[in-house]
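Full structure from sequences and hints, please.
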Amino acid sequence: MRPAFVPAAVADLPWGMLAIVFALAGAGILGLYSAAGGSLFPWALMHAARFTVFLGVAFFLSRFRMQTFHDLAWLGYAGCIVLLILTLMLGVIGGGARSWLELGFLRLQPSELMKVSIVIVLARFYSHIPPREIRRWSAIWPVALFLAPPIGLILLQPDLGTTMLIVLNTIALMFLAGLPLRLFIGSGVAVGAALPLVYNFLLLPHQQERVLIFLNPEADPLGSGYHLTQSKIAIGSGGIFGKGFLNGTQSHLHYLPEQHTDFIFSAIAEEWGLVGGVVLIALFFLLLKWGMGVALDAKGKFERLVAAGLALTIFFYIAINLMMVMGLAPVVGIPLPLVSYGGSAMLTVMICLGLLMSIDRQNRAERSRR
Amino acid sequence: MTRRSRPIVTENNQVYTFTRRALVLGGAQGVLAAALAGRMGWIAVHENERWKLQSESNRVQMRLIPPRRGWIVDRAGLPIAINRSDFRVDLIPDRLKDPERILAELTRLLDLPLDEVERVKEELARAAGYQPVPVAENLPYEKYAAVTVRLPELPGVAPLRSFSRFYPDGAAVAHLVGYVGTPNKQEYEKENKLPLLITPGFKIGKEGLEKTMEQRLRGKPGAQRVEVTAGGTLVRELSTLQDVSGSPLPLTVDAGLQTFAARRLGDESGSVVVLDCLTGDILCLASMPAYDPNNFTDGISQNEWKMLSQDERKPLLNKALNGLYPPGSTFKPMVAMALLQAGIDPKARVNCPGGFQLGNRFFRCLGRHGPMNMHTAIAKSCNTYFYAMGRRAGIDIISAMGKRLGFGQKFDLPVVSQNYGTMPSAPWKKARYEKSAKLVERPDWTESDTLNTSIGQGFVIVNPLQLAVMSGRIASGLDIQPRILRTKHPAPQPLPFPKEHFEAVRGGMWEVVNGAGTAGRSRLELPGIEMGGKTGTAQVRRITGSQRGQSGAWKYRDHGLFVCFAPTANPRYACSVVIEHGMGGSRAAAPVAKDVLTFLFDKEKAMASLTAFEQQWGGTMAERMEARAQRWLAAKAAGTAAPNGEEAR
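Top line first, the protein sequences correspond to chains A and B.
Just so we're aligned, residue 1 is where the first sequence starts under our numbering, counting upward by one.
Just so we're aligned, residue 1 is where the second sequence starts under our numbering, counting upward by one.
These are computed hints drawn from the structure, not numbers from a lab.
Just so you know, nobody snuck in bad clues.
So the derived list for chain B, only partly shown, Cβ under 10 angstroms to chain A, looks like this:
id: 1; residue: V15
id: 2; residue: T17
id: 3; residue: F18
id: 4; residue: A22
id: 5; residue: G26
id: 6; residue: A33
id: 7; residue: A34
id: 8; residue: A37
id: 9; residue: W42
id: 10; residue: I43
id: 11; residue: E47
id: 12; residue: E49
id: 13; residue: L53
id: 14; residue: S55
id: 15; residue: V235
Being a predicted model, the structure only gives us computed values, none of them experimental.
By construction, the Cβ of each residue, glycine as well, lies at the ideal position given by its N, Cα and C atoms.
See below:
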């Protein structure tokens with residue numbers, strides 16, 4: 001099958017998925033090169049370097065068996081809690097929140113690591129619940145118990161976006177673990193009904209304003225709606241084929257804010273047009289399809305849940321970021337995985353991919369054994 | 001799943017549930033991906049036009065290039081108002097962040113004096129967001145450059161290379177051309193918020209010709225399409241449409257004469273008007289004291305404004321057009337024309353016993369002149385002759401002649417305002433006083449009114465331009481209309497009066513200066529050139545007893561007036577001089593007229609005389625204005641009442 005000179009470890013890699021990951025990171029490097037006005041500095045080269053290092057981390061993680069992660073789940077969880085506490089004590093303040101630990105090489109955002117840790121812990125928890133217990137109350141309350149500390153610590157930073165991602169991810173995992181459907185439908189209806197009340201009685205005025213501006217960004221084009229409007233201008237003015245590489249005016253003249261991080265999709269779409277944007281969306285979809293495929297193929301309950309949970313972690317990043325830049329979600333600081341400049345999100349995604357690769361390897365081993 | 005009260009969950013159907021739910025989530029991901037692609041297509045294709053436009057309007061800014069203002073030049077093409085290249089710094093309130101810090105920084109960079117900083121702060125507080133607030137003008141290049149290099153840290157600061165208005169002759173042309181300034185809110189709104197008006201560095205005419213000829217002087221703005229960053233930094237110029245500068249405005253004025261006349265007035269408060277009596281061209285329209293229009297260009301300080309508006313010599317008033325005076329005896333040449341028109345023989349004699357008895361009232365003359373005919377009566381300025389003959393001619397014919405020779409008339413001139421005074425007549429008095437009879441003894445015209453009018457007193461008030469026009473019309477016999485813009489116009493037609501009438505009156509006026517007249521000391525010292533004239537002394541208040549307004553406080557002294565023309569042999573120039581509170585026409589006004597006319601024929605001689613005067617007065621006009629300002633400031637600081645011209649004499 002394979003040429004003899006290729007070692008098994010290399011040949012066994014999921015090359016299709018890796019091609020997608022390389023393409024996405026490449027798009028990121030090109031976008032960052034252009035955002036810097038046609039320069040490798042300060043972003044593009046660093047992005048490439050981080051990608052290389054973190055890909056190494058992913059390969060490294062993929063060599064472990066899932067049993068190892070299963071056994072170390074609580075240790076990792078405890079480690080992340082410690083890091084979160086350290087962040088609150090020593091962290092760097094940026095964008096009004098204390099969410100980073102300055103490590104020199106990268107600014108580590110422990111809340112990102114916590115996302116992965118929560119998935120593993122949840123998967124482990126549900127994999128140990130006997131099937132007949134899954135519809136019981138005892139399948140729910142412990143989750144609240146070990147979700148509370150990290151969420152509390154992250155809200156203290158305060159980082160609403162990450163909190164939201166963790167909660168969404170948890171709900172999705174509970175759904176996959178087999179909790180009764182009526183719970184989800186029922187609480188969905190309840191939340192829907194409660195939204196107006198929450199808006200009127202719980203949200204502070206500046207939060208209400210954020211929601212209003214999300215609903216109608218043009219009402220305040222120079223104030224809080226600025227990000228949204230400029231992002232739509234960038235995407236909309238790109239048209240079908242875009243303004244051409246290095247020709248984006250919205251990004252080069254700095255009308256588009258955060259063009260190297262949260263709004264990099266808009267910057268790329270301005271230069272590469274609808275075609276470029278749809279290719280990116282398709283790449284992300286294929287990556288997620290691969291991840292969900294790994295989950296469906298997995299034999300063990302723990303592996304299944306971990307794989308699906310990690311794929312969903314990546315999904316929520318992508319979904320919320322893309323909805324935000326297209327004006328379908330409020331502006332929350334969530335980067336586009338692999339493409340946006342920034343170390344922590346990329347590290348998280350690479351850890352996810354590393355674990356997914358590990359499960360994938362296990363799946364293939366199972367298959368060949370049969 | 002079948003509905004049961006408690007479904008039995010086994011390992012197998014848990015896998016089944018997971019698979020199904022994972023497929024649902026995977027499907028949801030697919031749906032979302034499609035939705036995002038659709039949304040993107042909607043924005044990028046369907047709404048493409050709209051966002052493209054917005055992207056362009058983000059990227060491209062139109063910048064107006066203010067047009068260079070048209071020059072104002074004199075009859076020989078010499079500059080009266082020109083543009084100087086100028087480095088300036090403005091603040092745009094809209095873009096200003098942290099004004100305290102930026103103003104402090106600018107103060108340091110530009111060495112702004114304290115009261116300028118105060119002015120900028122005040123104007124910032126008042127300015128609407130779009131209106132640029134000038135910080136400093138006429139900056140040396142180094143300071144301008146110091147601001148330019150720090151621009152990224154100074155949002156809202158706009159350094160600019162522009163042109164500013166410059167009047168080489170300063171105060172001498174102030175009332176003639178006016179001045180320019182930054183448009184205010186009313187002016188901006190009046191022009192339908194024309195964007196040009198709020199372009200930094202753009203000025204509009206605020207006074208005088210600068211104001212009335214604004215549209216012609218303004219020119220057409222140019223435009224520059226530039227690419228700018230979100231921070232407002234210019235990236236590159238895309239295209240430029242050059243501005244069209246305003247076309248030059250040639251005046252009939254002789255700049256040299258204008259300046260000479262203004263200087264010759266010295267510290268007096270008064271005016272000099274010189275006309276070309278063949279064409280009506282205004283050669284000189286000087287009014288002093290005046291302000292320096294250059295100081296107004298970049299806004300004047302409160303102190304400066306206070307000093308100007310409180311001065312009792314009214315430097316802000318254009319006395320040549322807006323000063324109104326009883327003409328006194330300068331009226332008599334016109335009255336003489338009326339007498340001739342009434343058929344009175346110029347040789348007819350009236351005996352002057354020192355006055356004229358009308359009923360029980362005695363109208364005084366200045367002397368006992370004995371037998372007088374028209375010629376000698378003009379020369380000696382004998383009131384008795386004019387009382388008697390004026391009464392014989394009647395007010396109707398005098399009033400008609402007055403109007404025909406320019407009194408009570410408003411001329412067709414591009415000026416901000418002219419006060420045209422009163423040429424009284426019987427219907428005028430009736431209309432004016434019938435309703436408010438208390439003001440005068442009786443509303444109908446009386447013979448004593450006629451007598452007063454005949455010597456240029458009573459109801460008559462005129463402005464200096466009208467005096468010059470009368471003088472010019474008598475000198476040439478042409479119906480000249482004063483004009484200030486050098487444009488094509490029909491040649492003036494002769495007035496419908498016999499030549500001999502004009503010659504008789506001109507003969508009397510010749511005698512005034514060159515014979516046994518009232519202005520003998522002011523004859524021209526030029527070979528073969530003589531002038532004819534008429535002195536006048538106008539009372540400021542009623543004569544009480546023997547006091548004739550020849551002494552006492554400055555503001556109660558008589559005005560000195562003089563009208564003249566030259567050369568008598570072949571009249572070319574007509575002139576009027578009014579010296580407020582100068583005490584007498586022959587004493588104050590005629591010597592000025594003599595020097596001004598001399599200048600027209602022999603510049604060197606006139607300048608020599610002026611230089612001598614200026615040494616005597618204590619320096620040039622600019623130096624004296626400066627000294628005056630210093631004295632005013634010192635007096636203000638000392639807390640005394642604002643000083644006036646009294647100690648400046």
